[in-house]
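Undergrad: Throw the hints in and build the complete structure from the sequences for me.
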Amino acid sequence: MTTTTQDWKFTAKDVALKPDLFLSGHRACAGCGPATVLRMIMKATRGPTIVTQATGCMEIVGSIYPYTSWGLPWLHTAFENAAANASGIEAAIKAMRKKGKIKQEHIDVIAIAGDGGTYDIGLQALSGAIERGHDFLFVLYDNEGYMNTGIQRSGGTPTGASTTTTPAGTAIPGKLEKKKPITEIIMAHELEYVATATPYYWKDMLTKVRKGLEVEGPAFLHIFAPCPRGWRTDPSKTMAYSKLSVETCVFPIWEATNGKRALSTPSKMYSLAPEKKKPVTDYLKDQGRFRHLFKPENKHIIDQIQQVTDERWQKLLKQCEQA
Amino acid sequence: MSSKQEKGWKELSIAAVSPKSSTGFLTGDWKTYMPVHDLEKCVSCLTCVMLCPEGAVRWRPDLGKIEFDFTFCKGCGICANECPTKSLTMKMPADQKEE
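These protein sequence lines are chains S and U, in that order. Residues in the first sequence are numbered from 1 upward in steps of one, following the working numbering. Residues in the second sequence are numbered from 1 upward in steps of one, following the working numbering.
No wet-lab data here; the hints were simulated from the structure. Treat the hints with caution; some may be incorrect.
[Claimed, not checked] Derived pair list, reagent style DSS-like, types lysine-lysine, alpha-carbon separation capped at 27 Å:
1. U:Lys20 / U:Lys10
2. S:Lys243 / U:Lys86
3. U:Lys41 / S:Lys18
4. S:Lys260 / S:Lys9
5. S:Lys278 / U:Lys86
6. U:Lys86 / S:Lys13
7. U:Lys41 / U:Lys65
Computed from a predicted model, the values in this text were never measured in an experiment.
TA: Here it is as structure tokens:
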């Protein structure tokens, strides 16, 4: 068995020297947030790993025939069954080990899906796989919409965002519904490890990936990944939004081990010093998908977003206290 | 239509396997601006290495500095935007020649 989280330190120079397993030459847009996420999480792997990926931006950009961007065994699967595929892989590894066909002591399985493949289409497969207790890590990279097919709304799209299926105009001011609290749904399955992360805090993200892999059983990781194309933002600001999402508490980062929640350091700062917390307008103002909200008639939606963000933040603080 | 060197469908592998690595697909010509590195300001914090979506910034311990791989850099500007010491600036390649 390889090193554990305690004795494996994620120092910048060690991580930088570890060869990429999601290779250069993939065809993601310039400034792609999910591409950084995939490249970095693969640096936290601890040995032989198999990746399975549901349809989505990151599946497409890394596998345009005859090229592949993956430096490890990788399987494509349909939109709805990344988790089902991961359970199959894990079961096959067990069966082949019994027959003596696999020599490796441990093989990690990672399932990767976007917000469409997790919030909406892949939810039942994910729920089933967690309930059956397969040993795999599910990584959700959340770019808040179906960006690959042309920016349609998903369950992960936040209130007020303009997408091609919820276009802001005279009839509606962008998406009317709230963002689905996916981690609450997953937490209700009572699994051992659930965490949220964001690529700007890469050290925190890598530690969480490693913890998720070390868990014997299912683990779930929700990673926030800004999409410059779909959010209508400047490609150079991708990581700035990743940071702002934490600073405004739109996307607080925390981890839950056996149901006990704890805020991670970057978010903990805003629970200790609430006056440093930024208003959501800082996060919304330069994003093209929220541009219409700054018209006087839509001011109430910004207030609503601020209110929902605060409510969810307070709820999270209580959950962390109780734990 | 197809050249004689190309394989027919019967000769291809059975499953849908991608035979080539994407490191053979150079995305460097996508960019308009390219990062210019000021070595004097750089403190080797490696933030750019960690946040680059392409893996186009590499840490070279033998040289003791970072190195850009412009055959893959798409010129997004994340490195220049996030650099804590502002040692990176985005410039048009033509501007760079004038200097």
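Undergrad: Hint by hint, note whether the structure agrees.
TA: Now the hints, each set against the structure:
1. U:Lys20 / U:Lys10: Between Lys20 (chain U) and Lys10 (chain U) the Cα gap is close to 19 Å, so the pair holds against 27 Å.
2. S:Lys243 / U:Lys86: 18 Å, holds
3. U:Lys41 / S:Lys18: Holds, at roughly 25 Å.
4. S:Lys260 / S:Lys9: Roughly 24 Å between the alpha carbons, so the hint for Lys260 (chain S) and Lys9 (chain S) holds.
5. S:Lys278 / U:Lys86: Given that 27 Å is the threshold and the Cα spacing comes to 24 Å, the pair holds.
6. U:Lys86 / S:Lys13: 20 Å, holds
7. U:Lys41 / U:Lys65: Holds: Lys41 (chain U) and Lys65 (chain U) sit about 12 Å apart, inside 27 Å.
Hint check: no violations occur; every hint is consistent with the structure.
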